[in-house]
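Go ahead and model the full structure; you've got the sequences and the hints to work with.
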Amino acid sequence: MMNLTNRSKVVSNKQMTFWERIYIPAILGGMRITFGHLFRRKTTVQYPEVTREFSEIYRGKHVLKRDDDGRERCTACGLCAVACPAEAITMISAERKPGEEHLYREEKYASVYEINMLRCIFCGDCEDACPKEAIFLTREMVRSEYARGKFIFGKAELVEPFDPAKRIDISKRQTPEVLEFKKNRSYKHNR
Amino acid sequence: MVEQIIYKTLLASFILILSLLVAMYSTLVERKVAGWFQDRHGPNRAGPWGLLQPLADGIKLFFKEEFMPNSADKFLYILGPSLTMFIALLTSAVIPWGPDLVINGQTYAMQVADINIGILYIFAIVSIGVYGIMIGGWASNNKYALLGAVRASSQMISYELAMSLSIIAIVMMTGSLSMRDIVAQQQGFNWNILYQPLGFLIFLICAFAETNRAPFDLPECETELVGGYHTEYSSMKLGFYLFAEYINMFISGAVMATLFLGGYHFPGLDKLGLSPNVFAFVSFMVLFAKITFFGFIYMWIRWTLPRFRYDQLMKLGWKSLIPLAILNVVITGVVILLNQ
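Chains as they are written, first to last, in the working numbering: chain A, 19 to 209; chain B, 9 to 348.
Please keep in mind that the hints were generated in silico from the structure rather than gathered at the bench.
Hints may be right or wrong, so weigh each one.
[Stated by the list, open to error] Only pairs whose alpha carbons sit at most 27 angstroms apart, straight line, appear in this in silico DSSO-like list of lysine-lysine: (1) K32/A x K323/B; (2) K150/A x K201/A; (3) K32/A x K79/A; (4) K60/A x K40/B; (5) K173/A x K83/A; (6) K32/A x K327/B; (7) K201/A x K190/A; (8) K173/A x K200/A; (9) K40/B x K68/B.
The structure is reproduced here in C-alpha cells:
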C-alpha cells in the first residue's frame with residue numbers, strides 16, 4: 019500500500035522495560051519539556067496596548083464615503099442590504115430638499131442607515147454590490163460593548179468625517195483594476 | 009513565663025497570617041506559572057504583574073451568591089469547608105521555622121509547639137483532613153459531590169499508609185519523633201534526602217495525593233464529576249476549599265523541607281558568625297526558599313502530567329508505593345544494624 023505521508027509509525031505491543039514501567043524517566047522527560055517552555059517567547063498579543071499587524075485590505079468596520087466635495091455618496095438604493103448574506107444592513111431613504119445639495123450628491127439619500135455589527139460577518143459583499151462607491155470596509159476594528167443595542171451602528175458612526183484631512187483612505191481596497199471594472203457598463207453588475 | 013505566652017501568641021498569629029498570605033499569592037503564582045508553561049503571560053491586568061489579582065479574586069468570591077441546596081444538611085454543609093480550613097492551618101504548629109531567637113537574654117524557639125511526638129501529630133491532623141472533604145461531599149446531597157468525597161477519602165487513606173511508612177525510616181535514623189530533633193540532626197549538609205532518596209520520592213508522591221493535587225486530583229475531577237466534592241459550594245465556602253488546598257501545599261512543602269531537605273539548615277551558614285537573631289532570620293529565609301521550591305514542583309508537575317485513572321491510582325498506591333516503603337524500612341533497619 020502506498021503511504022500518504024511518511025509520518026506513520028508502526029505500533030507494537032511489546033512489553034515495557036523496567037525503566038519504562040517505573041515512569042520516572044518519562045515524567046522527568048516531560049518536566050524537562052514543560053520547563054523549556056517557561057522561557058519561550060510568549061505568543062500573547064497584549065491587545066489594547068499592542069495591536070497585531072493587519073493586512074492592508076483587512077475587512078473591519080464599515081465607512082460610508084463622501085465625495086470630493088464632502089457630499090454623501092450613498093443614494094439608499096438598497097443593493098448592499100440585498101447583497102448582505104447576514105441581513106445586517108437596514109436603511110430608510112429620503113428625498114433631498116432644495117438647499118441640501120452640498121450634503122447629498124444625488125436626489126435621494128439614506129436618512130437612516132444602520133448596520134448591526136453583531137450580525138455582520140465582514141464578508142465585503144456590500145462593498146462589491148455598491149454602485150456608488152459609497153460603502154467600504156476599513157482596517158478599523160469594531161469596539162467591544164456591554165450592551166447589544168450599542169452594536170447597531172447608525173450614520174453617526176459610519177459616515178466619514180467632513181474634514182478632508184480626516185477622510186478614511188480606502189485606496190488599498192479599491193484597486194485601479196476594480197475601478198476600471200466598475201466603469202465598464204457592459205457588465206450587468208455596473209448597470 | 010508571661011513573655012513566653014505573649015511570644016507564642018505572636019508567633020502563632022504570624023504563622024497564621026503568613027500561611028494565609030502565601031496561600032493567597034500561590035493562587036496568583038499558580039496561574040502565572042501555568043501561563044508561562046503554556047507560552048502565555050498569565051494574569052497581568054490587576055496591578056503591576058497582576059499583583060492585585062488575588063485581592064480581586066477574593067472580593068469576587070465574597071460577593072458571589074451564597075447558594076445552599078434545599079436538601080443539604082445545613083450544619084454539616086457549613087462545617088465541611090470550615091473544618092478543611094481549620095485543619096489545613098493546624099498542621100503548621102509543630103514545624104520548626106528557624107533557630108532560637110535571643111531577646112533580652114532570653115531564648116525563644118521559633119516553633120509554636122515543640123511536642124515530642126511532632127510527626128504523629130502531623131499524621132493525626134492529616135488524617136482528620138479527609139473529614140472536611142467527606143462531610144462537605146455528604147452534606148451537599150449530590151451524587152457527584154458524594155462520589156468525589158468517597159474518592160478523596162479512599163485515596164487519602166491509601167496514600168497515608170505509604171506516607172507513614174516512608175517516615176518510619178526517618179524516625180529509625182533519628183531515633184526521635186520530635187520535628188525539632190529531626191531538623192537538629194540534619195545540620196550542615198547532613199540532609200535526610202541523601203540517606204533516604206527512596207523515602208523522599210515516596211513521601212513526595214504521597215504528598216501530591218494527600219493534597220489532592222494533579223496528577224492525583226481525582227476528587228475534583230471535572231471531566232467526570234462536574235466539580236467533585238465542592239460541586240454544590242459557591243461563594244466563600246468554595247473559596248475555603250480552594251484556599252485550604254494552597255495552604256496544604258505550603259504546609260506540606262514545609263514538612264518535606266523539614267524532614268528531608270534539612271529544614272532551616274544550609275551548608276556553611278552557621279560558620280558565617282552572624283548574630284543569633286540575624287542568623288535566625290536568614291535560616292528562616294532558607295526554609296522559606298525550600299518551601300517555595302516545593303511549591304514550584306507542585307505546579308510544575310500539575311502542568312506537566314495528565315490525571316491518573318482511578319484504578320491506576322489505587323494500583324500505584326497499594327501495589328507499588330507500600331511495598332517500596334516497606335522495603336525502604338527493611339533496608340534502613342539492616343543498615344542501622346550493620347553500623348552499630
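Now for the hints, and whether the structure bears them out:
no.	hint	in the structure
1	K32/A x K323/B	holds, 21 angstroms
2	K150/A x K201/A	holds, 11 angstroms
3	K32/A x K79/A	violated, 59 angstroms
4	K60/A x K40/B	holds, 12 angstroms
5	K173/A x K83/A	holds, 11 angstroms
6	K32/A x K327/B	holds, 22 angstroms
7	K201/A x K190/A	holds, 18 angstroms
8	K173/A x K200/A	holds, 25 angstroms
9	K40/B x K68/B	holds, 19 angstroms
In terms of the numbered hints stated before, the structure departs from hint 3 and from no other.
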